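The whole structure should be built from the sequences, with the hints applied where relevant.
The lines below spell out each chain.
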Amino acid sequence: MKARMQMSSSVVKQEFFKKWIKGMQIYSAFNKEMTIMERKRAIKLSADVAIASTRSATTQWSRAVVADVSTSAAGAARAAAEEILGRKLPERKALATTCSKKIVRRSHQRRSKAAARGVVRSSAAIAKKLVRNRTRVLKRLVPGGKKLDEISLIKETLDYIACLQVQVDVMRHLAAAAESLDHQQISF
Amino acid sequence: MEPNVEAVQPQFRSGISGAKIVFDDIRGLIPDPPETDGTSFTALLELPPPQAVELLVKEDFPAKTMPLPIFPSNIALIDRASMFSVFASADNPPDRTNIFSASSSVKQEPLESEYHRNSSSPAVSDQSLKSIKRKEREKKVKESTKKSKKVVANEASDGSGEQLPYVHVRARRGQATDSHSLAERARREKINARMKLLQDLVPGCNKISGTAMVLDEIINHVQALQRQVEFLSMRVAAVNPRIDFNFDALLAVDSESSIDNSYLGLFPPSIWPEGQTNGSRQQQPWLIDGLHLPSMGRVDNSSNFITPENSLLSYDSPANSASLHSSQLKIEL
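First to last, the protein sequences are chains Z and L. Just so we're aligned, residue 1 is where the first sequence starts under the UniProt record's numbering, counting upward by one. Just so we're aligned, residue 1 is where the second sequence starts under the UniProt record's numbering, counting upward by one.
Hints were generated in silico from the structure; no laboratory data involved. These figures come from a predicted structure and were not determined experimentally. Just so you know, even glycine gets a beta-carbon here, dropped at the ideal spot from N, CA and C. Accuracy of the hints is not assured; some may be wrong.
To be verified - Taking lysine-lysine and the BS3-like style, the derived pairs with C-alpha atoms no more than 30 Å apart in a straight line are:
| no. | chain 1 | residue 1 | chain 2 | residue 2 |
| --- | --- | --- | --- | --- |
| 1 | L | 190 | Z | 155 |
| 2 | Z | 139 | L | 190 |
| 3 | Z | 155 | L | 207 |
| 4 | Z | 147 | Z | 102 |
| 5 | Z | 88 | L | 207 |
| 6 | Z | 113 | L | 207 |
| 7 | Z | 147 | L | 190 |
| 8 | Z | 128 | L | 196 |
| 9 | L | 207 | Z | 128 |
| 10 | L | 190 | Z | 129 |
| 11 | Z | 147 | Z | 128 |
| 12 | Z | 146 | L | 207 |
| 13 | Z | 129 | Z | 147 |
| 14 | L | 207 | Z | 139 |
Unchecked claim - Computed list of chain Z residues with no C-beta within reach of chain L, every gap over 10 Å:
| no. | residue |
| --- | --- |
| 15 | 48 |
| 16 | 63 |
| 17 | 64 |
| 18 | 87 |
| 19 | 95 |
| 20 | 105 |
| 21 | 109 |
| 22 | 127 |
| 23 | 135 |
| 24 | 171 |
| 25 | 178 |
Said to hold, decoys possible - Part of the chain Z face toward chain L, derived, beta carbon under 10 Å:
| no. | residue |
| --- | --- |
| 26 | 119 |
| 27 | 121 |
| 28 | 122 |
| 29 | 133 |
| 30 | 137 |
| 31 | 165 |
| 32 | 168 |
Right, here's the structure in full:
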């Protein structure tokens, strides 16, 4: 893990940027005219796949992101992703996950019954509960985090945060640059 | 540690039974390196664990007659050997009871409980990982327990919960020594180490103590970053009608320097960053021209979509080296 972190951030930024632009170009090759929402979606998808590919499938979250895209993506999105990754995405049917309401309800009832019985427990137990809740939230946030255990979850979060930071930096610079260029043009 | 172990010895020398001899002799080897009566202690150590255990299991193990070439007095190795003996005894329940009867009663309970856990927890690889961690921990200075029975208990607890005898953990003074708490502690330490790294990464987390609060900050940070990505992509989408930025020339610059510099360099011509490479310097006149003459943008690029902005950015004049770069990049892309 430490070795990964020591990779120079500018190298990652460049790599991400190139891949991102590549993805966006593919998109524009597909549809000439896009509404702003479609554009935004295209941009976001290209950015996500690009940043995930900089990790080249060494991390769980990057694999989860790519898997997400391969299940839910349409024509242009899939082509862009494939171009960025440099490989074919396997065709996957989106699994319809049906939750039985009865089971969910019953489990919730059982838990609330136990909770109602207990008064304020020891502080350690409260702390543990808090930590457990927060871990659950974190699992939801980090892509692919649902099936990770606590230790690897923290590792993945570490990597994910670093990559998100890179993504945000590059996007911000591009946005600022494009906007300033736009303004300069308009002023002419 | 050594004197304590020596004090422990006499207890073990008392009983005599088949497999127990192994145990005794291993203990007996501790203070007396030149002693030849011992199991092939070093032989055990050099062998991979399964074979070593196999050796021990053989009942016809003439402990007294085996020669002993070198005797390393490393505590870790001694522990391992003791564990071998434990496993050897474990295979023969009657022998085990003999051993237990001979040892102090304090030792008996942890050993027995560990043995039960041993048989019920076959996951080796996970434990070997943990055991490696514990080995590392053992290398650190641990407070030596004053009481001999504590020492005994510690050494016995080293065989905690693993099939293969890797673990050489010394429980610290006043801490529980059963396998569950040891495993728990190893896990906790791993988690805490990682949390520390996270704390360094997330700004403002250094002062906070307590896992729950730190996790809170981490969650906030991740959510904030994700939201920023959303907003930024919206911003970029709003900038121009087409998302096809032709940044060929930009990429040429990037390949030699950082992106930030290239951004700064492109737009305000007055603030050209220093330390740029030749490529970027060659593009400089082009950029200034491009900015002043937006109408001149005629793009020679792979895509057909041209916006004024794109033409600006990818302005190629034949005399300009930038065209070289962009054509190179086109080939790459």
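| query | If you draw a straight line from the CA of residue 147(Z) to the CA of residue 128(Z), is it 30 Å or shorter? | reply | Since the Cα atoms of residue 147(Z) and residue 128(Z) sit roughly 20 Å apart, the hinted pair holds (cutoff 30 Å).
| Is residue 129(Z) within 30 Å of residue 147(Z), Cα to Cα? | holds (20 Å)
| said: Check whether the Cα positions of residue 190(L) and residue 129(Z) lie no farther apart than 30 Å. | reply: holds (20 Å)
| Given hint residue 137(Z) near chain L, where the shortest CB pair must fall under 10 Å | holds (5 Å)
| 30 Å limit on alpha-carbon distance, applied to hinted pair residue 190(L) and residue 155(Z) | It holds: about 11 Å lies between the C-alpha atoms, which stays within 30 Å.
| Beyond 10 Å from chain L, beta-carbon-wise, is residue 63(Z)? | Non-interface label on residue 63(Z) holds, nearest chain L Cβ at 18 Å vs cutoff 10 Å.
| said: residue 168(Z) was flagged as interface toward chain L. Is the shortest Cβ-Cβ separation under 10 Å? | reply: It holds, given that the least Cβ distance between residue 168(Z) and chain L is near 5 Å, below 10 Å.
| request: Grab the minimum beta-carbon distance between residue 135(Z) and chain L and tell me whether it stays above 10 Å. | output: violated (7 Å)
| Is the Cα-Cα distance between residue 147(Z) and residue 102(Z) 30 Å or less? | holds (23 Å)
| said: For residue 88(Z) and residue 207(L), compute the direct alpha-carbon distance and say whether it is at most 30 Å. | reply: Judged against 30 Å, a Cα distance of about 46 Å means the pair is violated.
| query | Given the hint that residue 207(L) pairs with residue 139(Z), does the C-alpha gap stay at or below 30 Å? | reply | Satisfied, since the Cα-Cα distance of roughly 24 Å is no more than 30 Å.
| query | When you look at the beta carbon of residue 48(Z), is every beta carbon of chain L farther off than 10 Å? | reply | violated (8 Å)
Hint compliance for this structure: hints 5, 6, 15, 22, 23, 24, 25, 26, 27 and 28 are not met, and every other hint is.
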